[in-house]
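Novice: Listed below are the residues making up each chain.
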Amino acid sequence: MNQTTRLPAAELYQRCDSSQFGFATTNELEDLAGIVGQDRARDAIDFGLGIDRDGYNLFVLGPPGAGKQTLLRQMLASRTAAASSPPDWCYVHNFEHPHQPRALRLPAGRGVALRADMRQLLEELRAAIPAAFESDEYRAHREQIEAEFSERQEKAFAELAELAAGQDFALLRTPTGFTLAPVRKGEVITPDEFAALTDDERKRIGDTMATLQQKLEQLMRSGLRWRKEQRERVRKLNAEVAQYSIGSLMEELKQRYAALADVVAYLGAVEHSLVDNVEDFRRGAEPASPLLGAPAAPDTPFKRYEVNLLLDRREPDGAPVVFEDHPTYQNLIGRVEHVPQLGALVTDHTLIKAGALHRANGGYLLLDAQKVLTQPFAWEGLKRVLTTHKVRIESLGQMYSLVSTISLEPEPIPVNVKIVLFGERFWYHLLFAYDPDFRELFKVAVDFDDEIPRTPANLDLLARLIATIARRNAFLPFARDAVARLVERRARDVEDRERLSTHMQDLVDLMTEADHAARSAGTATVGAVHVDAAVEARRRRAGRLREQVQETILRGTVLIDTAGEKAGQVNGLAVFALGGEVFAKPTRITAHARVGDGEVIDVQREVALGGPIHSKGVLILAAFLAARFSADRPHSLRASLVFEQTYGEVEGDSASAAELCALLSSLAGAPVRQSIAVTGSVNQYGELQSIGAVNQKIEGFFDICKARGLTGEQAVLIPASNVKNLMLRADVVAAAEAGQFHVHAVRTIDEAIELLTGVPAGEAVVPGQFPDGTVNQRVAARLREFSLTRQAFAGIPTAGKWRPGGKRKRD
Amino acid sequence: MTSALPSRRFSRVVIAMEGTAPSLSALEAGVGLAGAVGASLEGLFFEDVDLLRLGLLPFAVELSPLTGTRRQLSSGHVERTQRLEAERLEKLLAASAARTRVPWSFAVARGQRLTPAVARDADFVVLAPRTRGARGSARKAAPGPIAAVFDASDASGQALTAAARLATALARELLVLVPENGTKPPTTRCDQAQARLAAERATGRFVSFAHDQAALVAVVRSQRSAMLALPASALTAWPMDLDALLAGLICPLVLAR
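Chains as they are written, first to last, in our numbering: chain A, 1390 to 2200; chain B, 7 to 263.
I should point out that these hints are in silico values taken from the structure, not numbers from a laboratory. We treat Cβ as the ideally placed atom computed from N, Cα and C, and that holds for glycine. Be aware that a few hints might be false.
One-sided and incomplete, this derived list gives chain B residues near chain A with beta-carbon spacing under 10 Å [stated by the list, open to error]:
id, residue
1, D54
2, L57
3, R59
4, E68
5, P71
6, T73
7, G74
8, R76
9, L79
10, H83
11, T87
12, Q88
13, L90
14, E91
15, V223
With the hints as extra help, turn the sequences into a complete structure.
Specialist: The structure is reproduced here in structure tokens:
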């Protein structure tokens, strides 16, 4: 085994020395106001909140749980407290266009006063107006008008009746009108009496009747005119009485709101309406039937005078910060509700409800981008408001003419609100790419880093953050060794021992579970052992599938050798990510080579079980082989590569080094040690490149080896560039310290094949020529043999040297 | 003559309705009265004989105040409109009586005129005020007190009792109208009326007036009475012109026997 590539145990895990912390427990630390790191995001937020221009809304992008909201709210708090409260907004009845309620803007706190004043006004008028109309003075005036009309009419009818009587006619009423009838001795003449009349008498009766009928018609026309005059006089009287009752109260209100022109104008409209509709107040005081005592009419007409206080800012809490957790179209824009009435849905301005944009007006509205985008029409509605700077409440049914219910068109309210969207990065990039409006409306990207450098300063800040979280969540204090362990977990989470994860939620979750472990153990503080217990418990909870997979190997169902040697067979390492748990298992990779036309067949790809990146890796290793060994002759290899016993898609190029080693082993006839697993991708020059999940891959092979018994020969071969990512489990590190298990860091495929076969790889003396007995020499010889065989089959003389372009040159 | 007598039981209230009269207020008054005194109710519709006779004449024409048009009147038309008017009033009576759970009946009297002599066996006859002029001018019953004329006759005692009960049932004020020029001084009549009211556990406001029809109409109108209860005997004893009285009033008239 090559000792130069073997990593010492200290390289497998970057410990955090707890002695660097100058505290015993987190109780000694001050709270951290913000979050750790994120200077770029901090600057972006500061810029976005500070610039008061169109389109400079914020999109805070980063992984969930990165502390995006925490930081933003902290930075908002200092700004909003100093800001003045935005105004109140009310919706009131529009007396000219009732279906378009008017929006009134009032200084903060005045809206509730206006609502109370209007209620008080109505209360007073509902008493004062009926009282005025019940007064003796009003009655006298009214009766005088009515009596005048009645007397005028009765006098006219009496005169006509008298005139008719003088000519032996009677004026009679029918159920549907009036008629004139000739009478004799006070009774209408009978048909017999009429038949007995002479022609002259009949003619006289006819002439008289015609004259009287004309007079009756004139009288009825006059009656209509008199009645109209009477109604006008009564209306005028009512208006005067109402004006007197209403005027003084309204004047007082107008004085109170004199500085608010819109409110004064509204009060003027109210005054006119009150005078015009004074009968509503009178009806409210009188039963419908004076003798049977039927119930009075409902007071719905008075709703038109109510003030709908849409936004009440009476509490001086600065600029509002609203987080709308359920950003449906209506929750954002507001809505007009309806109530059933006599089988129909009706509404009025009092049923207008504010949306989040109203509530956040003059401040900040925080929204989850994914929720906004997945709610029908919410995104379009939000953009419309940001473009027009007005909130127009419009139901979806109205917008798309889906319902015919009579609804309202409330006057749009101007808004000045800064929107902050939170979302993962792909949402930002999708919107930026596909929605031209987005880049105009959300010009400030607040990009949260996933990780921060593992510097002493950041470690101190992280310790204070841990102290803050512990206090806010009423955890036990964390001892400094527990803090150190949490730091190590932060590094493991990002698979980089030089960096720390910024994922806040993961940290809080782990602290919660460690606190639980400590409390279960009955200790007063949380120690490193409790953090370890929490990590192990979490691993165990999520370990069902991992254990099942390992069991299939240990029981021989899936064939994996961890001892012995075999040509053309290498242990690769495959990673599974399911339900938040990431684990790896060894996978047998085999290679076969024979004469062919230079093609390396990726069996996974042939059966559509290989992803594009995996296929790319195979093509690269094929290119490496051709370039290194067949630069001056036809590459007459036909090889096949198989991931044995895999039944799902294989993706990624992290197995390309293992595949290349299997192929080299097969060509060279050099057996590979099965006690070593290989991971890493390879480029066309045979250099190994870093891969992901290196810790899980090593641990996956370690678990199998440990179960079978550690021999000291077992190892995992990784790219040297992955060493900085090593944060291995404690038991793996312990086995390495004891010499029972090893991790080798290699830079080239030659180093790898040497380790795997125990045979020197061999460095080319001249291009294509390697020292005898080396792996490369054996591979080159085998390929040359393939080439000659192929030429022989093709009938081409084999003594010459093959040159590109098909021309031969004799040596 | 009367004095504080024990309460009498009343059995029948008749609402006398003419087709051309604004009968709704009379109907409401009659239903309320029957309910208050525990009597049954009879609606009696009088067809207008003059109209029936006019319908037989070849030149009869009706002028509609609603449309201002003339229409030829025939006997069939007159009879039909009278019948429809009777049916309308019967429906109204049925609906009102059902609300107050008063037993009721309805009859049509043909070829008669409305006179004080109708429904002799009724305890009370309710009559609607008459108006001239356009039909729409029929006045709504005033929301004022229930008035009763007390002239110390037996009938006026019944009128007072009925008015007191109705006022109590409707939670209205009772107005006791006492004529001044009787054979006894008004104070005596007031005492007698007070005794009647005590028996009914009722109270009233007393107003005296000159003993003639015009003064009675004036006081009823000025007090905005919702109903006037009058002893039927007054029509002949004072005497009174019923047509003029109904034309002068603005509220239903209840004749008590």
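Novice: Which numbered hints are broken by the structure, listed smallest first?
Specialist: 15
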